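Asks: Using the sequences plus the hints, can you model the full thing?
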Amino acid sequence: MAVMTYREALNQALREELRRDERVFVIGEEVGLYDGAYKVTQGLLKEFGAKRIVDTPIAESGFTGVGIGAAMVGLRPVVEMMTFNFALVALDQIVNAAAKLSYMSGGQFNVPIVIRGPGGPAHQLAAQHSQSMEVYFYHVPGLKVVRPSTPADAKGLLKSAIRDDNPVVFIESETLYGIKGEVPDDPDFTIPLGQAVVRREGRDVTVIAYTGMLYRALEAAEALEKEGISVEIVDPRTLRPMDVPTIIGSVRKTHRVVVAEAGAGFAGMGSEISAFITEQAFDDLDAPVERVTGANAPMPYAKNLERAKTPSKEKIMAAVRRVCYANGS
Amino acid sequence: MAKTLNHQDVAPVIEPALARKLLSQMMLIRRFEEKAAEAYALGKIGGFLHLSIGEEAVAAGAISVLRPDDYAISTYREHGHCLAKGSDPKRVMAELYGRRDGLSKGKGGSMHLFDKTHGFLGGHAIVGAHLPLAAGVGFAIKYRGEDRVIVCFFGDGAVPQGEFHEALNIASLWKLPVIFICENNRYAMGTALERALAETEIYKLGRSYRMPCEPVDGMDVLAVRDVVARAVERARADGTPSLLEARTYRFRGHSMRDPAAAVYRTKEEVERERLRDPIVLFRARALESGALTESDVADLEKSVNDTVDEAVAFADGSPEPPEEWLLTDIYKKD
Numbered sequence: 001m002a003v004m005t006y007r008e009a010l011n012q013a014l015r016e017e018l019r020r021d022e023r024v025f026v027i028g029e030e031v032g033l034y035d036g037a038y039k040v041t042q043g044l045l046k047e048f049g050a051k052r053i054v055d056t057p058i059a060e061s062g063f064t065g066v067g068i069g070a071a072m073v074g075l076r077p078v079v080e081m082m083t084f085n086f087a088l089v090a091l092d093q094i095v096n097a098a099a100k101l102s103y104m105s106g107g108q109f110n111v112p113i114v115i116r117g118p119g120g121p122a123h124q125l126a127a128q129h130s131q132s133m134e135v136y137f138y139h140v141p142g143l144k145v146v147r148p149s150t151p152a153d154a155k156g157l158l159k160s161a162i163r164d165d166n167p168v169v170f171i172e173s174e175t176l177y178g179i180k181g182e183v184p185d186d187p188d189f190t191i192p193l194g195q196a197v198v199r200r201e202g203r204d205v206t207v208i209a210y211t212g213m214l215y216r217a218l219e220a221a222e223a224l225e226k227e228g229i230s231v232e233i234v235d236p237r238t239l240r241p242m243d244v245p246t247i248i249g250s251v252r253k254t255h256r257v258v259v260a261e262a263g264a265g266f267a268g269m270g271s272e273i274s275a276f277i278t279e280q281a282f283d284d285l286d287a288p289v290e291r292v293t294g295a296n297a298p299m300p301y302a303k304n305l306e307r308a309k310t311p312s313k314e315k316i317m318a319a320v321r322r323v324c325y326a327n328g329s
Numbered sequence: 001m002a003k004t005l006n007h008q009d010v011a012p013v014i015e016p017a018l019a020r021k022l023l024s025q026m027m028l029i030r031r032f033e034e035k036a037a038e039a040y041a042l043g044k045i046g047g048f049l050h051l052s053i054g055e056e057a058v059a060a061g062a063i064s065v066l067r068p069d070d071y072a073i074s075t076y077r078e079h080g081h082c083l084a085k086g087s088d089p090k091r092v093m094a095e096l097y098g099r100r101d102g103l104s105k106g107k108g109g110s111m112h113l114f115d116k117t118h119g120f121l122g123g124h125a126i127v128g129a130h131l132p133l134a135a136g137v138g139f140a141i142k143y144r145g146e147d148r149v150i151v152c153f154f155g156d157g158a159v160p161q162g163e164f165h166e167a168l169n170i171a172s173l174w175k176l177p178v179i180f181i182c183e184n185n186r187y188a189m190g191t192a193l194e195r196a197l198a199e200t201e202i203y204k205l206g207r208s209y210r211m212p213c214e215p216v217d218g219m220d221v222l223a224v225r226d227v228v229a230r231a232v233e234r235a236r237a238d239g240t241p242s243l244l245e246a247r248t249y250r251f252r253g254h255s256m257r258d259p260a261a262a263v264y265r266t267k268e269e270v271e272r273e274r275l276r277d278p279i280v281l282f283r284a285r286a287l288e289s290g291a292l293t294e295s296d297v298a299d300l301e302k303s304v305n306d307t308v309d310e311a312v313a314f315a316d317g318s319p320e321p322p323e324e325w326l327l328t329d330i331y332k333k334d
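Here the protein sequences come in this chain order: R and F. Once you know that position 134 of the first sequence is 134 in the working numbering, the rest is easy, because the numbers rise by one and skip nothing. Once you know that position 15 of the second sequence is 15 in the working numbering, the rest is easy, because the numbers rise by one and skip nothing.
These are calculated hints, taken from the structure and not from any lab test. A quick note: this is a predicted structure, and the numbers were derived from the prediction, not measured. Each residue gets a CB set at the ideal place from its N, CA and C atoms; glycine is no exception. Among these hints, one or two may not hold up.
A few chain F positions that, by computed beta-carbon distances, are all more than 10 Å from chain R [as the list claims (entries may be wrong)]: (1) K107; (2) G108; (3) P160; (4) K175; (5) G190; (6) R207; (7) A223; (8) R230; (9) R247; (10) D258; (11) A261; (12) R276; (13) E310.
Chain R is faced by these chain F residues, among others (derived, beta-carbon under 8 Å) [as the list claims (entries may be wrong)]: (14) L121; (15) G122; (16) A135; (17) V137; (18) A140; (19) E166; (20) Y331.
Dumping the calculated DMTMM-like pairs for lysine to aspartate or glutamate here, alpha-carbon to alpha-carbon at most 25 Å [as the list claims (entries may be wrong)]: (21) R:K253 x R:E225; (22) R:K315 x R:E201; (23) F:K333 x R:D21; (24) F:K332 x R:D21; (25) R:K253 x R:D204; (26) R:K253 x R:D284; (27) F:K332 x R:D92; (28) F:K333 x R:D188; (29) F:K142 x R:E22; (30) F:K35 x F:D258; (31) F:K332 x R:E47; (32) R:K51 x F:D296; (33) F:K332 x R:D243; (34) F:K332 x R:D188; (35) R:K315 x R:D286; (36) F:K21 x F:D296.
Replies: And the structure:
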């Protein structure tokens, strides 16, 4: 185990997989000479050279398509979106090509590609650079979608994504790049896609959250402990395929659920999680599932408005109290 | 006045084997699509069906200079490219019928033909979106140090799309062995070239990306062969990509849902273009040059008709895909 940042863990995952498999290459804007806009690819050009660390012109659709074409004939590209917001420019390539080529070809072609980069709300980057992007991808059959919350998960899940034979949308958290945590050194360490993890054991209520919201939930849980409410926290880690059994297991234990998500809520991750809990564990619920979501607005620039847009620890605490019928609410 | 030499003036020495191959391939594509149109009218084929009748010389000529291990990728008007690349007409027709023995198990249909064993990479129905994929295949060829190439077919309708420009820029910048072949049939669905493009001499756009580019008579299968052969040679040598513009014409509508094709072009124009029928022209040349005899041509015709009849019978006899297949092939299992 070594203590490292989330960013360093991602870098290590890339490095190990580039060493392990000649077919793996990294392609995107500023990934090489510039060492990565967010420094996730720092030092890779130096170690692996320009053949495998490929700087591209600004052409997201074009270079994503290059990755998909290369993957169709057996390479394993890791496509970096400088920020995941730019993936919308390549949405057709991801949704209509990467996700569907296996199906449309009757299984003749698979697309072992990872499309990765930072997403989620950031700090005063305003509407076009600060938003939850996973919602545009987890609806699509043929894609896998990952949102890692810790340095160890960032490494283990990215390695699994690169080794996966299918297209994986891997959205890192821009605000978590600097957080530190213990990360296994073992180059064979991976975390399987599709496995949720219980981040905190509790008895009274289950909070489901990932990336930034996970940390707000953990803070809320500490504070609620003092009020006598024991909160269990489940981090799905992979949003598609979703580890439904782990979530349902926690619901059966606590009988109360809050889903926290940074996105705008309508038809969001919380809607889906709430739906399958209702379908599969309705009789276990002692209260309706509560969703804590971002405000139904684009991301504003002003600091105070930005704070109001994204769910806070306090909002999660209030929702937990409501489902527990605590404090008279 | 000194007569300038042009293609037609060169004594047409055509190898009989080549003549047989090119003519039978073009006739196969034509016959296959005529039968597909009949099946569509009978309700045996559904959805969209885009025919390339009139454009056969481009598919047959271009693919005839490839090696079997080279790749081809195309649009939703791709029956001809797929057949020319060597796919079994029976499995292609079964795919059009949506049957289990189709190339894609009936899951792709006319617009999504794929044949991995023959290096045919689809079958893509978002206009322009497969050009970056072709560049990606070129990238992989170069990455592995192979001397393969990929030919990428697309229509004039793809040229105003951003991905055309992104793909050409990247292919030229990185020297990827891609031969971009624009099948310019003058209409993007119902929009005439001059209503869609500021530069209607499409091949010239290659100059903006500093890649070799030339136009070619897309109704002359030998001319197509020559220009593609040169491009393939360049690509094999050092990865140089090319933009080729094959000037052709589709005799039918955009799809079976545009049977008259009369709103955007005149009857006179279509009749005039039919005089350039690539099959009629090449047959005449092959006969004239002595490469083929009338009886050779009759034999070829018979053999092609039999092949297509067999394909139709096979497709008709192939069962529908089982319902369990709805949920297979979405992900590759480890």
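Asks: Please work out if R:K253 and R:D284 have their alpha carbons no farther apart than 25 Å.
Replies: Distance ~8 Å between R:K253 and R:D284 Cα, so the pair holds.
Asks: Next pair to validate is R:K253 with R:D204; report whether the Cα-Cα distance is within 25 Å.
Replies: holds (8 Å)
Asks: Does F:R207 really sit off the interface, with its C-beta more than 10 Å from all C-beta atoms of chain R?
Replies: F:R207 is indeed farther than 10 Å from all Cβ atoms of chain R, at 18 Å.
Asks: Hey, F:K35 versus F:D258, does the alpha-carbon distance stay inside 25 Å?
Replies: Since the Cα atoms of F:K35 and F:D258 sit roughly 17 Å apart, the hinted pair holds (cutoff 25 Å).
Asks: Holds or violated: are the alpha carbons of R:K51 and F:D296 at most 25 Å from each other?
Replies: With Cα atoms ~52 Å apart, R:K51 and F:D296 exceed 25 Å; violated.
Asks: Interface hint check: F:V137, Cβ to nearest Cβ on chain R, cutoff 8 Å. Holds or violated?
Replies: Check passed: Cβ of F:V137 comes within 5 Å of chain R, closer than 8 Å.
Asks: Are the Cα positions of F:K142 and R:E22 separated by 25 Å at most?
Replies: Judged against 25 Å, a Cα distance of about 14 Å means the pair holds.
Asks: Report holds if the minimum CB distance from F:G108 to chain R is greater than 10 Å, and violated otherwise.
Replies: Violated, because the least Cβ-Cβ distance between F:G108 and chain R comes to about 5 Å, which does not exceed 10 Å.
Asks: Does F:K332 pair with R:D92 here, judged by a C-alpha cut-off of 25 Å?
Replies: Holds. F:K332 to R:D92 sits at ~21 Å (cutoff 25 Å).
Asks: For the restraint on F:A140, tell me whether the closest CB of chain R is nearer than 8 Å.
Replies: Holds, about 4 Å.
Asks: Taken at face value, is the distance from the CA of R:E225 to the CA of R:K253 at most 25 Å?
Replies: holds (17 Å)
Asks: For the restraint on F:E166, tell me whether the closest CB of chain R is nearer than 8 Å.
Replies: Holds, about 3 Å.
The structure fails to meet hints 1, 2, 31 and 32 from the earlier list, while all remaining hints are met.
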